[in-house]
Amino acid sequence: MTKSTRLVQNLILLVFALYALVPVYLVFLAAIRSEADLFSGPLTLSWPINFANFGRIWSEAGFATYFMNSVITAVSVTVLVVLTAPLAGFAFAKMNFRGREVLFGLFLAGLVVPAPSVIVALYGNLQAIGLIDNRIGVILPQAALLMPFSVFMMRTVMQDVPDELIEAAVMDGAGLFKIYLTIVVPVVKPGLMSLGLITFLFAWQEYLLPLVVFQTESLKPLTVGAASLQGRYGVDYGGIAAAGLIAFAPLVVLFLAMQRSFVRGLTAGAVK
Amino acid sequence: MLTTRSAYLFLAPSLALYVLFVGLPILQVFGFSFFDWDNGIAGDFIGLANYGRLLADGVFWTALWHNAIWVVLTLAFPLLAGLVIAAILAERNASVVRWLGAIYFIPRTIPLVVAGIIWGWIYNPIFGLLNFGLEAVGLGGLAGAWLAQDNTALLSLNVVGAWTFFGFCVIIYLAAIQSIDPSLYEAASIDGASWWRKFRDLTVPLLRGSTLFLGLYAAIEAMRFFDLVWVTTQGGPGYATEVLTTHIYKTFFLVGDFGYAATLSVVLLIIVLSISAGAFALLRKP
Chain G
1 MTKSTRLVQN LILLVFALYA LVPVYLVFLA AIRSEADLFS GPLTLSWPIN FANFGRIWSE
61 AGFATYFMNS VITAVSVTVL VVLTAPLAGF AFAKMNFRGR EVLFGLFLAG LVVPAPSVIV
121 ALYGNLQAIG LIDNRIGVIL PQAALLMPFS VFMMRTVMQD VPDELIEAAV MDGAGLFKIY
181 LTIVVPVVKP GLMSLGLITF LFAWQEYLLP LVVFQTESLK PLTVGAASLQ GRYGVDYGGI
241 AAAGLIAFAP LVVLFLAMQR SFVRGLTAGA VK
Chain F
1001 MLTTRSAYLF LAPSLALYVL FVGLPILQVF GFSFFDWDNG IAGDFIGLAN YGRLLADGVF
1061 WTALWHNAIW VVLTLAFPLL AGLVIAAILA ERNASVVRWL GAIYFIPRTI PLVVAGIIWG
1121 WIYNPIFGLL NFGLEAVGLG GLAGAWLAQD NTALLSLNVV GAWTFFGFCV IIYLAAIQSI
1181 DPSLYEAASI DGASWWRKFR DLTVPLLRGS TLFLGLYAAI EAMRFFDLVW VTTQGGPGYA
1241 TEVLTTHIYK TFFLVGDFGY AATLSVVLLI IVLSISAGAF ALLRKP
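Going down the list, the sequences are from chains G and F.
Everything in the first sequence is counted per our numbering, starting at 1 for the first residue and increasing by one.
Everything in the second sequence is counted per our numbering, starting at 1001 for the first residue and increasing by one.
It is possible that some hints are incorrect.
As the list claims (entries may be wrong) - Derived pair list, reagent style SDA-like, types lysine to any residue, alpha-carbon separation capped at 20 angstroms:
{"no.": "1", "chain 1": "G", "residue 1": "K189", "chain 2": "G", "residue 2": "I136"}
{"no.": "2", "chain 1": "G", "residue 1": "K3", "chain 2": "F", "residue 2": "A1193"}
{"no.": "3", "chain 1": "F", "residue 1": "K1250", "chain 2": "F", "residue 2": "A1277"}
{"no.": "4", "chain 1": "F", "residue 1": "K1198", "chain 2": "G", "residue 2": "V8"}
{"no.": "5", "chain 1": "G", "residue 1": "K3", "chain 2": "F", "residue 2": "A1090"}
{"no.": "6", "chain 1": "G", "residue 1": "K178", "chain 2": "F", "residue 2": "A1012"}
{"no.": "7", "chain 1": "G", "residue 1": "K189", "chain 2": "G", "residue 2": "L165"}
Hints listed in this document are in silico derivations from the structure and should not be mistaken for laboratory results.
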């Protein structure tokens, strides 16, 4: 490779690294600055770090509650998906049954369904069964909307389980559910981990469902809280920045800590 | 392969959730679209009258046009960037790949609501970093109210969309490049092929499958994105950033026209399903 090619390549890598990071850095900077020097002063970190914005947002603006709500919803959705989708993935990957192709096609079509296009009917249904302004009314539809991707990914993961393992257990007379729990699950644990992480990420980021389902302030998650803050706290930029940081920092940390598992999940859904 | 009816028991939980909260609403939306609605109560069966309204609804066509622009921009910019970056990274050592891969992907982990807020500040005409930077390099004449002007609002939002998406493209392309037989590149190097030659004649054709996948993904997301527009411009100024999903949302929650909102939803569903059917046909072809 010539020197100039290498230089151009490094430049490309750098420009895109800045594109990715500068906005994140800016919000971090705004969150730890005091109101007075928010828009003055250089774009370097000031010392000591000022946590006043976080304190104000956390206690006064209700972000402690929003945060807990995000945790509750995202964890519930994740548990629900991880308990159900792998069972379906196992059936599609390793079992022969009538209607297999049709049912799988049904899930496949769901991969592209836009949430806003079902909301018109979903909203009325949730109202009819009393789930508007109720956590369950977000958790169940959210898990359902993530189901096609999850089942699709789990089918891919389950296909890698050696048939001999399962056949040997069947010979021994073990029931299918027992085989699933004692033989399949241990083998696909990394895949389940990836599924859990990705589901958690998507559930935490969800905005539309909680926006339309929750009316009570004490039920709303971080995404809805942060968006409404823009209206309520119009000029408290330090506060809004701190709120934004609270809304995404857990995801960034989780991703950096579990990068390998995330990437495995993202590519498992894609490549095959 | 086990032939067994227990398969249905394994499918039951996810299928039940999916049918109740996705499948059923889709059928209902389809049904809703044939009725005249008043205050959330179904009135007369009016056949295709709601669909006839589409023709005269200028906002619908504007929104559709914006979605189409968004599809093209997303296919052009983040996909290409992802491909080039992945091809460069493929020849770098593992720790560089790991670090840069993580950095590029970080925006994807940020909820679009928050991304919209952050970039709203960058684009702010009074204190935004973009105008500040342009003035600093002597291009102050280009400065503007990026999200508040008809001619820049959609494009400015697309830069935010690309920001959250290109890292995903890098990761998908990188995984695919790493599964290409390295001897192909070695052979090309021995023949004296330049980096660009190898990129054009080996990498790009061999990654066709990933390009189709990402293309499909990008096109679907471009048709169904909502959060980013809703928290920044709500479709404005005027209708400058109106897209199908915001048009549905407003028609349903603000106007309360259930029948027409359902009709728009059906149109959106038909579009995304057609796009994916087309892409699958392409994927099947060797």
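Status of the hints after comparison with the structure:
1. Between G:K189 and G:I136 the CA atoms are separated by roughly 27 angstroms; this puts the pair beyond 20 angstroms, and the hint is violated.
2. For the hint pairing G:K3 with F:A1193, the CA-to-CA distance comes to about 16 angstroms; that is within 20 angstroms, so the pair holds.
3. Taking the CA atoms of F:K1250 and F:A1277, the gap is about 29 angstroms. The hint is violated against a cut of 20 angstroms.
4. Note on F:K1198 and G:V8: the hinted pairing holds, with a Cα-Cα distance of about 16 angstroms set against a maximum of 20 angstroms.
5. Between G:K3 and F:A1090 the alpha-carbon distance is near 18 angstroms, which keeps this suggested pair within the 20 angstroms criterion.
6. Between the alpha carbons of G:K178 and F:A1012 the distance comes to roughly 17 angstroms, so the proposed pair stays at or under 20 angstroms and holds.
7. Only pairs whose Cα atoms come within 20 angstroms are accepted, and G:K189 paired with G:L165 is accepted, the gap being roughly 16 angstroms.
Checked against the numbered hints above, the structure breaks hints 1, 3 and satisfies the rest.
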